[in-house]
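Chains as they are written, first to last, in my numbering: chain R, 906 to 990; chain U, 9 to 271.
Don't read these hints as lab results, they were simulated from the structure. Errors might be hidden in some of the hints.
Derived lysine-lysine pairs resembling DSS-like cross-links, with alpha carbons at most 27 Å apart [as the list claims (entries may be wrong)]: (1) K159/U / K962/R; (2) K240/U / K112/U; (3) K962/R / K164/U.
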Amino acid sequence: MALYRDTEIIDEIKRQIAVSYLTIFTGLLGLFSAFIFFYLLRFKASTKQTDRDNRIKWSKFIPYRNETSKGDSEKESQDATFKND
Amino acid sequence: MSRHQALNSFGRSGNPIIRSAAFQGTVSTNEERMSLEGAVNKTGILLFLTVMAAAVSWNFQGPLMSIISSLGMFVAFISGIMTFGFYFFFVGWIVEPRPHNAPKTAPIYAVGMGFFIGLLSQQAENLYPGIVIQAVSLTFFVAASLLLAYKTGLIKPTQNFLLMIFAATMGIFLTYIANLVYFAFTGNYFFVLSDTGPVGILFSLFVVGIAALNLVLDFDIIEQADEQGAPKYMEWFGAMALMATLIWLYIEILRLLMKLRGR
Chain R
906 MALYRDTEII DEIKRQIAVS YLTIFTGLLG LFSAFIFFYL LRFKASTKQT
956 DRDNRIKWSK FIPYRNETSK GDSEKESQDA TFKND
Chain U
9 MSRHQALNSF GRSGNPIIRS AAFQGTVSTN EERMSLEGAV NKTGILLFLT
59 VMAAAVSWNF QGPLMSIISS LGMFVAFISG IMTFGFYFFF VGWIVEPRPH
109 NAPKTAPIYA VGMGFFIGLL SQQAENLYPG IVIQAVSLTF FVAASLLLAY
159 KTGLIKPTQN FLLMIFAATM GIFLTYIANL VYFAFTGNYF FVLSDTGPVG
209 ILFSLFVVGI AALNLVLDFD IIEQADEQGA PKYMEWFGAM ALMATLIWLY
259 IEILRLLMKL RGR
């Protein structure tokens, strides 16, 4: 009976060690992945990605272009005011 | 015809280059333009804020922290709506995206969601020790793999790709909303969301896949905004979009791992 309980305890310790090894391994993998992620993010995508006709036109959905062109057109209209008019 | 009328009728310039569509929408020279480097730095800042808020929420458990976490999630939701807008089928944009709000809303979003995921992670860690490290690691592993696939041109986001991902994301969002309503009336969750058997795990895998593919769209937004010389605030917008998807991916991976460990 006692021998059975000891085997159970040993099995539990073995399982916990395996789990902690797994945690260490995944932790290291996570650190490495985070480093790769932030490193790669700084680089421009390859021409295979950027030189295509079927890209999503994000400016259609996100109005950052309108914002700037609105500013430009305001400048333009100020510019087009003549004293003689 | 006065000179002013003439300009209105014929436009300011006859030069085809200046009048071409390619010239429209470029940022004026006196305005600062966004860069990839800037977007990366902003993503780093947002990640730092999220981790800090999550650490506070993790370490100081209690009813007050539960209220702060719920409030944080609500504030993050409002910040998200104020920046990304809200699109609904057949109705179109109910609230239009306002990317110029991002420099203010992005840090609020990061802190708010940080409080929420800190509490969620602590509860998951209490149930299954070591699960949080696994979920965080898998999140970065998936993100780095997809970034590599995007940068090398292995995955090419197109209009059809966008439609597919958008429809699937909306489907998941509506399922979660319907689940909340169902829970309010019956006190039970949908079978696919709570099941730890093959059906529940397959559903979780599907959601993780869709969340991961949303990352590709975020990479494309940042890349294109940089190419087109978008205004500086687009750095915050891109970083916020990336953070929102990373947090969603983390939550879904955590849920999947909990289902796997709970079998």
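Each hint tested on the structure:
{"no.": "1", "hint": "K159/U / K962/R", "in the structure": "holds, 18 Å"}
{"no.": "2", "hint": "K240/U / K112/U", "in the structure": "holds, 13 Å"}
{"no.": "3", "hint": "K962/R / K164/U", "in the structure": "holds, 13 Å"}
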